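Chemist: Sequence:
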Amino acid sequence: MPRVIVASRMSVRPYTLVTDSAALGDCLETLRGQPLIGLDTETTGLDPFTSRVRLVQFSTPGDVFVIDCFAFGALEDSRLVGLLELPRPIKILHNAKFDARMLERHAGARLRGVFDTYLASQLVEAGAHGQTHSLRAVAERHLGVAIDKRQQLSDWSGILSADQVEYAAADVRVLLPLRAKLVEKIRELGLINVAKIEFDCAPVVARMENAGIYIDRVRWEALCEVTERAHAILRDRLMEDFSGAVQQMALFGKAEINLDSPTQVQDALHRLGIPVEGTRATELQHFAKHEIVARLLEYRTVAKQLTSYGRAMLDHIHPVTGRIHPQFIQIGATSGRFACMDPSVQQIPNAPEYRDAVRAPEGRTLVVADYSQIELRILADWSQDTALMKAFQSGEDLHRVTASQMFNVPLADVTKSQRSAAKSLNFGLMYGMGAQGLAMRIESSVAEAERLVHKYFSAYRGVEQWLREAGEQAVRDRESRTRSGRLVRYEFDDEDRAQTAGIARLGKNVPIQGTSADITKVAMIELDAALSGTDAQIVNTIHDELVVECDESIADATRDAVERTMTWAGQQFIRSIPVVVETSVSVAWNK
DNA sequence: GTGAAGGGCCAC
DNA sequence: AAACGTGGCCCTTCAC
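The first sequence begins at 93 in this note's numbering and counts up by one.
A portion of the hints provided could be inaccurate.
Claimed, not checked - Within a straight-line C-alpha distance of at most 30 Å, the following computed DSS-like cross-link-like pairs (lysine-lysine) qualify:
1. Lys547 x Lys515
2. Lys482 x Lys515
3. Lys396 x Lys381
4. Lys241 x Lys273
5. Lys381 x Lys508
6. Lys515 x Lys683
7. Lys482 x Lys396
8. Lys508 x Lys683
9. Lys381 x Lys515
To be verified - Label pairs and their calculated CB-CB ranges:
10. Ala425 x Ala590: 19 to 25 Å
11. Gln340 x Phe584: 45 to 51 Å
12. Thr136 x Met331: 46 to 52 Å
13. Gly526 x Thr399: 33 to 39 Å
14. Arg372 x Arg560: 28 to 34 Å
15. Gly137 x Ala404: 20 to 26 Å
16. Ala404 x Ala590: 35 to 41 Å
17. Ala539 x Asp648: 33 to 39 Å
18. Ser113 x Thr136: 18 to 24 Å
19. Ile409 x Asn350: 18 to 24 Å
20. Gly137 x Arg570: 56 to 62 Å
21. Leu406 x Ser464: 43 to 49 Å
Think of the hints as simulated: they come from the structure by calculation, not from any bench. Being a predicted model, the structure only gives us computed values, none of them experimental. Beta carbons: idealized from backbone N, C-alpha and C, even for Gly.
Sequences and hints are given; from them, build the entire structure.
Modeler: As structure tokens, this is what we get:
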């Protein structure tokens, strides 16, 4: 053992272990004069509410400082907090969200001036398959150096081994050269704007995760109980309905049917003479005249509610905060959209009974704000289609206007089914939907769907042209860009027509979906800054919607700030038509 | 037992 | 045969 320590001591450059206030002063003196510093932390666990910060490490081109927060009150030192909160020097971190959560929780610091090598790697790789973005992988890819991560999850709460401190020093040392390589790529690929957005967003996401979202346990449990009863009743009745089929199946050794098994359900339906092809809801709907199929559809809905949105949600309530702290993945989709997990609070059913249970605690309130038709506005702005722009400038109901233009009828004479067809086209065409897809969706013949698509594009020539060119360009250049310059690269075999068609669809959708993500991220950054110094806090982001929680006494001011910053962010990317943000103030997540 | 794949379904 | 984009969660099935 001693041998290993000696050997590794000799093989690495020195570092300074900071264990008192005077040494911290010297360390901060050195750091303040730097334009760029590496920053990392070692913590006793991964959860900011139950773990402590043991080490804070800084690097400069010539020095590494390892601050032992257990040796003295480093995290209470206002000089350290001041350095973290100033925009300069720039702090280089790998996955800044993690350290920002810890530093906010334990030092009360609002981290600013971030360069995040994790996010930078994701931007530079632009969605390439099979690339991971761990510090180890990124350092190996760009610097050709191997990093030993064996100590990462070691016990950081006791007496530090030389190995541990050296690991901590090595980790932070690599960040400066790594940034240099990544900056080069960011410049080459024209990603400076989007990188700035992502880096500034990371501390905002950290605060959002730390804040968490409140769920009313009693309301949620009541919802679960209702669902459980309905589930039991439907299950029993379906078992009776299926008994004939099950008896047949029993001849083959199967005495029961699992209603949650699509294969078993299909088999049983076949035995009852119902020739379903798969058991998806859209397929079952065609056979809903059979009582058993109708009941199965009901069962599916309830089963989904019970499993995905049942008591499991309550297991996520944190014992320390009493709130849910989901994980937001900042570049969750290659388009730049967020993803969310453990639990995903982006996919809670949009039904009043569920949204009522997601609320503000006593004395507080929610401001809920979403962009009105943001993706279609992006399409209108990008394509400069005269008719679509005019439709938005009129301020009328968009789908109704579309129907009026498609079918050449006055606005007031648009029928329900005309509006519905227009709506399907407005949304579907952005995803690269064809006539066949439309026919499926609106349950018409393909010929009828073709006629509708033709009518749509006759009204919106500019949209047709933009979509076609966006698809062609994606296939030709093997990449797409959003308005912020975010890059998405495509790997495909251009001999494969199905793959090529898929890339063309992405080429239409990625710039639109991704620009929407750009806008939401800029809005979050601006809003977080506007709300600093108040008790208002962003608690959820759902693609084109933000949820803010604040004391009810500042609800109006908060709503104004939300509306102003979101509108402003939208206008940074959409210049030729209005950006509309709809806000509401409510104690629950209902609009 | 564990993990991957696929079906199904929730969100925008 | 494929058929509108981006995700995550839960279940069953099947291979190891």
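Chemist: Against which earlier hints does the structure fall short, listed by number upward?
Modeler: 7, 17, 19, 20, 21
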